[in-house]
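**Q** Position chain B relative to chain A; hints supplied.
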Amino acid sequence: MALIATVLALRSHPRIQRLPPYLSLLCIIIGVAWLLLLPLNEYSRETYISENALLPGQVHTYFTGSEHNVFRAYRHEVADMILQPPDVRSKRLEDIFHSNNLKAATQRYTYHTPGREIKDENVYAVLRGPRADATEAIVLVAAWRNMDGKINHSGVALVLTLARYFKRWSLWSKDIIFLISGDSTSGPQAWVDAYHDAHSPETVESLSIKSGALQGAVALDYPAGPWGHRYGKLHIMYDGVNGQLTNLDLFNTAVNIASGQMGIGTALQRMWSHKNTYQDRLQTMLRGMMSQGLGHASGPHSAFIPYRVDAITLQTVGDGWHDEMSLGRTVESIFRSLNNLLEHLHQSFFFYLLLSAKRFVSIGTYLPSAMLIAANFSITAIALWVQSGRSDLDEPAAPSKTPASSEKKTESEFFQPTTEKKMTLIHSGPSATLIPTTLLTTTERPLLYPTLFITAIHTTGLIPLYFFNNAHSTHLPLILNTTLATTPLLPLLISLALSKTSLRPTIRHITLIQCFSLLLLGMFLASLATLNFSLSFLIGVLACPLSFVRPRPGSKVQSAGLYLLLSLLNPVVVGRAATVYWGADAVEVLLKAAEGWHVWGLWTQVIVWLVWWPAWVVGGVVASQGLVA
Amino acid sequence: MAIDRQKALIFGAAVAVRLLLFTTFPSLPNLLAGRVEVSTPVTSFKRLQEGLFLYKHNVSPYDGGVYYQAPLLLPLFSLLPDPSYFPFASNVLYTAVDSLGAYALMQIADSMQAVTPRLFKSSRKDLRWSSVAVAAGYLFNPFTVATCVARSTSALSTLFILVAIAKASQGAGITFVFALSIASYLSMHPILLFPPLLLLCYDVRASKAKSAPSASRFAVSHTAGLAAACGLLLYLSYLLTGSWEFLQSTYGVRLLLPDLTPNVGLWWYFFIEMFDSFREFFLGVFWLHVASYAPGLTLRLRKQPLFAAATLTGIFAIFTPYPSIADAALYLSLLPLFRHLFPLMRYSFLAAAAILYASFLGPAFYHLWIYAGSGNANFFYAITLVWSLGLSVIVGDSLYAALRDEFDVERPELRGKEVKRI
Numbered sequence: 001m002a003l004i005a006t007v008l009a010l011r012s013h014p015r016i017q018r019l020p021p022y023l024s025l026l027c028i029i030i031g032v033a034w035l036l037l038l039p040l041n042e043y044s045r046e047t048y049i050s051e052n053a054l055l056p057g058q059v060h061t062y063f064t065g066s067e068h069n070v071f072r073a074y075r076h077e078v079a080d081m082i083l084q085p086p087d088v089r090s091k092r093l094e095d096i097f098h099s100n101n102l103k104a105a106t107q108r109y110t111y112h113t114p115g116r117e118i119k120d121e122n123v124y125a126v127l128r129g130p131r132a133d134a135t136e137a138i139v140l141v142a143a144w145r146n147m148d149g150k151i152n153h154s155g156v157a158l159v160l161t162l163a164r165y166f167k168r169w170s171l172w173s174k175d176i177i178f179l180i181s182g183d184s185t186s187g188p189q190a191w192v193d194a195y196h197d198a199h200s201p202e203t204v205e206s207l208s209i210k211s212g213a214l215q216g217a218v219a220l221d222y223p224a225g226p227w228g229h230r231y232g233k234l235h236i237m238y239d240g241v242n243g244q245l246t247n248l249d250l251f252n253t254a255v256n257i258a259s260g261q262m263g264i265g266t267a268l269q270r271m272w273s274h275k276n277t278y279q280d281r282l283q284t285m286l287r288g289m290m291s292q293g294l295g296h297a298s299g300p301h302s303a304f305i306p307y308r309v310d311a312i313t314l315q316t317v318g319d320g321w322h323d324e325m326s327l328g329r330t331v332e333s334i335f336r337s338l339n340n341l342l343e344h345l346h347q348s349f350f351f352y353l354l355l356s357a358k359r360f361v362s363i364g365t366y367l368p369s370a371m372l373i374a375a376n377f378s379i380t381a382i383a384l385w386v387q388s389g390r391s392d393l394d395e396p397a398a399p400s401k402t403p404a405s406s407e408k409k410t411e412s413e414f415f416q417p418t419t420e421k422k423m424t425l426i427h428s429g430p431s432a433t434l435i436p437t438t439l440l441t442t443t444e445r446p447l448l449y450p451t452l453f454i455t456a457i458h459t460t461g462l463i464p465l466y467f468f469n470n471a472h473s474t475h476l477p478l479i480l481n482t483t484l485a486t487t488p489l490l491p492l493l494i495s496l497a498l499s500k501t502s503l504r505p506t507i508r509h510i511t512l513i514q515c516f517s518l519l520l521l522g523m524f525l526a527s528l529a530t531l532n533f534s535l536s537f538l539i540g541v542l543a544c545p546l547s548f549v550r551p552r553p554g555s556k557v558q559s560a561g562l563y564l565l566l567s568l569l570n571p572v573v574v575g576r577a578a579t580v581y582w583g584a585d586a587v588e589v590l591l592k593a594a595e596g597w598h599v600w601g602l603w604t605q606v607i608v609w610l611v612w613w614p615a616w617v618v619g620g621v622v623a624s625q626g627l628v629a
Numbered sequence: 001m002a003i004d005r006q007k008a009l010i011f012g013a014a015v016a017v018r019l020l021l022f023t024t025f026p027s028l029p030n031l032l033a034g035r036v037e038v039s040t041p042v043t044s045f046k047r048l049q050e051g052l053f054l055y056k057h058n059v060s061p062y063d064g065g066v067y068y069q070a071p072l073l074l075p076l077f078s079l080l081p082d083p084s085y086f087p088f089a090s091n092v093l094y095t096a097v098d099s100l101g102a103y104a105l106m107q108i109a110d111s112m113q114a115v116t117p118r119l120f121k122s123s124r125k126d127l128r129w130s131s132v133a134v135a136a137g138y139l140f141n142p143f144t145v146a147t148c149v150a151r152s153t154s155a156l157s158t159l160f161i162l163v164a165i166a167k168a169s170q171g172a173g174i175t176f177v178f179a180l181s182i183a184s185y186l187s188m189h190p191i192l193l194f195p196p197l198l199l200l201c202y203d204v205r206a207s208k209a210k211s212a213p214s215a216s217r218f219a220v221s222h223t224a225g226l227a228a229a230c231g232l233l234l235y236l237s238y239l240l241t242g243s244w245e246f247l248q249s250t251y252g253v254r255l256l257l258p259d260l261t262p263n264v265g266l267w268w269y270f271f272i273e274m275f276d277s278f279r280e281f282f283l284g285v286f287w288l289h290v291a292s293y294a295p296g297l298t299l300r301l302r303k304q305p306l307f308a309a310a311t312l313t314g315i316f317a318i319f320t321p322y323p324s325i326a327d328a329a330l331y332l333s334l335l336p337l338f339r340h341l342f343p344l345m346r347y348s349f350l351a352a353a354a355i356l357y358a359s360f361l362g363p364a365f366y367h368l369w370i371y372a373g374s375g376n377a378n379f380f381y382a383i384t385l386v387w388s389l390g391l392s393v394i395v396g397d398s399l400y401a402a403l404r405d406e407f408d409v410e411r412p413e414l415r416g417k418e419v420k421r422i
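Respectively, the protein sequence lines represent chains A and B.
Read left to right, the first sequence gives residues 1 to 629 (the UniProt record's numbering).
Read left to right, the second sequence gives residues 1 to 422 (the UniProt record's numbering).
With the rest of the complex left out, here is chain B:
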């Protein structure tokens, strides 16, 4: 009963904070929706409105060259009243999306897959935060709140990624595959989460059943399921728009980066500076770099698939072409699941300070560049480097902590001793 009251308190407070922000500062959503840190070309709510307008007037939403998001978002948002006159409905929708995400996060925490997966029992497994605390960390993370208030569609991708992880950690294969296919359909790169989550799902299924199911059959059936679900969504989009052109405007944009609007990631500046003849080559290299983490982490962290998936979300927040603070918010809210690794992390203060500094200096330098005219693009880019550095220090450090945790189980006699990599 006490837990339930806590839950109600956390969720109630989170909903209240969001609705309060929406109603007391009516100009805040538009302000945040215009910030490059929150809204990227592929997640912006303003661009969604543009696409919606074209869609409602029976013009292909991709004709304007502004809308780069998935076609199935259009019928969903056209059900809502026009947000410029009646924003309450979309506010409620986004608040609900965040609450559902937090609920999924609680399910992940309750599944205990973070500390005691099937193949590995952490020696620090008693050190964990309650699921309510983890959910609170997500709901009250300023980055999550900012994303929600800006009504960026990455909130939806975040929700479906969290649901996919939650279902995988409960061993619910069908819903997991379906949620992941929606997440991938919305923002493409979550498909890279499939290998670790598949392993996670398999592990949970194996530990629940008496005898482990056949690995190859499990893999094949789920991969086929994912392909079918993605295919279905794409076919529905085709039916909706009447042509396959949307592929070019959604996934083509994500892959080929034609829109170089600044964001918190590392790609835009690099590709502004790039000579056109090298563009294709470096696009290939950059994407290969992002994609190569998925198999690598999955194999190395075979015993802790949930951690591999969480680390991958961190990689996405740094290395994808259009990252925003929403991606960082997802990663930073998955981290508290691994509370037992925190004592092993060495640079947490450093990384946290770097991220804090970046989140204040970023808007300041953007102001100097765009509004005051006294700075230039290098100012903002320097800060995105610091931001990415902070995130990558966290990713690297938590990875070290996870491996050290595994090592402590393998070699208990070396626990607490300094180790050196040779």
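Chain A on its own, in the form it takes in the complex:
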């Protein structure tokens, strides 16, 4: 305690008090630089298989020859079903499963998201493992439509073929479930919710057949039409809803089998050509972070991951010489590996950033960068707290006392009026020094007003959160444009409104409000970094100017500039700019987000509206103080 007391006594030292902004800046710079270092060989590692039981690629695969004819037949069956309504389609798929001596069932689901009705059917079949006791199962998924809305012809046909093929083997020690989901996101979600009895029976049917605990899932996305298409690479997708990732062992197994055993190239994060250079690694990592940060479902596998079922999607991309049989053998080999598992995948990493198919960074290496960004807010908050206790803080706030020359004051002079000061003589060992008394005394801080202000701003965030998630799709463009127009002005309006009433905040109030806001922001981001590193990092970087905003009552020009700069970093403006940059339709993105909110349990919106947006509003209020003074 004595040490802490000494350190705390130091806080009244004027030089220490000038340090925090630089310290914050340093944190941000190091945090960003840290991330840029990660793709280097020194900071990343080669992937490896932790779980010895998996033994990837150690078995012969036999999915060849006559199975190809079966596959082609099923592919024509599938092509025949395209124009049929879902119930007929489900019936026919079920019949195919039945003809292979598998128990099959259909699950209907209807989700009502604002302005949209998602209604479709899942068909699934259970292969009882000959050596299994129905306590564990692995899932093979093919969505009827893939993420781009194309019919997953060959994927579905391949699942049907593999169902027939797997049925003849006696070596399965786990049940295998074949799932043909109606679409790529809500369908698997409905099925996996119902599998774990976490569904609402009014909208999603319960499952009539079940097996044991799901150990893993592999989804196929192979939309080649009835005449086939030879692909070049397998694109492996591994990120789930809310940025949760699949176990790295499963990903490694897939890469190992595809590239090692089958000779199929692998790609990730839409990096079709990866030359393993620094730029390519960095780009892969940043794309991965973007995808993780948004937290959306990236494929049929995403729905499984929140239930601790490790899952990946194999998507065929490009033109090449690989055909459906090599994909089938890849799946066979992956399933043989999963079949070996003695316990749930747990050995390897759940938190990682992939740089290429065979290189990754683990959490211990990358987490400090997001934590440093979050720490920068906390440091500024502590500095503001100390500053808010200074007895001379309110003096410049009273305009009558401020001389006209105050406009030229620099920031360091801002809180130290150049008029005569009371000095205190401090003896420290043999030397003595004069320190302004105001630096040594602490005044009482008015805490109620800032607390209420912060609570009110954070509660206000609920309003856009509600409207964006529940508004009808026809109203969304209007709401989006209104928010886009009003939120940048909101802080200014708040400042103006408050300055006209008796609630006009003093400089001390403003300092405390900013202190609390940054403290909360730092805390939320630090907590978030443990759950979804990328989201925390992205918001942290976009919000870091908030650490350096200070009220400048003297200078309207500076204040206006600062305010304009902040407006560009408004969450709504940033979001709109991002959709323009990536050429996405903003309304479509919002609709997907609303679907995510209602169906997948996506909570990125909560972070945006209840963490980032309020922090930004407070920053804007602080900046606009100079405009209304």
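Quick caveat, the hints were computed from the structure, so don't treat them as lab data.
If a hint is listed, it holds; no wrong ones were tucked in.
Going by beta-carbon spacing under 8 Å, a handful of chain B positions derived as facing chain A:
no. : residue
1   : Tyr357
2   : Leu361
3   : Phe365
4   : Leu368
5   : Ser374
Distance ranges between label pairs, derived from CB positions:
no. : chain 1 : residue 1 : chain 2 : residue 2 : range
6   : B       : Gly396    : A       : Leu496    : 44 to 54 Å
7   : A       : Trp272    : B       : Leu19     : 55 to 65 Å
8   : B       : Asp4      : A       : Gln558    : 47 to 57 Å
9   : A       : Tyr43     : B       : Leu260    : 35 to 45 Å
10  : A       : Thr451    : B       : Ser27     : 26 to 36 Å
11  : A       : Ala577    : B       : Gly64     : 57 to 67 Å
12  : B       : Leu256    : A       : Gly212    : 30 to 40 Å
13  : B       : Leu256    : A       : Arg128    : 41 to 51 Å
Quantities reported herein were computed from a predicted structural model and do not represent experimental measurements.
Ideal Cβ positions, reconstructed from N, Cα and C, are used throughout, including at glycine.
**A** Positioned in the frame of chain A, the structure of chain B alone reads:
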């Protein structure tokens, strides 16, 4: 009249907030009741429902091995309609419990025992918050609200502790003893509050009467009263359940810690890791540690018994086997009574930040451990350590402030100067 309007506003708003939370988020109570931070095995509302079901079907409520709470809660809650169909009645009950607690807190604040007890006049006695502000601090504390919405039975213990303190600070001996015996009956450890509260009651009585009553007679009569009241409650429980087995399932569980469900305290992890042969020894050490604060604080803070009692509630929130955020809420709402000590506290920002961080990181790490499967028990335990650290910094710092405040009265010439402990 203005004060009354303030009072009505505060209480009305508190009731409105609670009923609003209950009605607009109907799934919230069950969600919170399942959180380990709010509901411990000895206070959980879900377990109470289980016990109630057995009780209503004429089976001993302790047979299921789930219900660890006091038997007399059963007839009380069996009067209410089934909360799964008609939750409004229990919602109103819990809202009323919180309001009564706040009322008791106002009585404590009005008694001025926090700043000017009989033997000590603080030099900062003018620095205090109004009783309405103190009550607001209790009613709008997010931890109190969460406890109320989760319908944890620790809300009842909190109420009776507050009533006991309020009655002691008014010098009402009988009601004080009775309230404290109910609190102890419900959750056992409040009995350790008896020594400081007895002194508080004695001081108030002595300052009200012309001549101080005989200390020994006062102590003996009140101790006997407490024993009689506790005995009565236990005997009623015996009549209700028909055997003395409930002792094993209620106080036995609190003492011997058979249920190692995680909570915000320090015991569960320690006893998970413990080899069985050392278990009894460390149970003894841990309990001795908790109990030893009561005499120590009572003696050292003889001049400020209310502060000793408040500090003890803080100790309970850290060191008892099944603490929850409700215990922290009780301590944190007693602290504003000692507004005059705040300027002397040195680490308030640090401690507040630690508690804030812990209250957000705790659920995040629990999620990683239990739901995402990507973390493990150490994640959550690390955060409970931070939480306890934050609370103990507040306890230690406020203790320092109280002693410094006493010192300033003894040695006015050293006021405001740096002191060093030698």
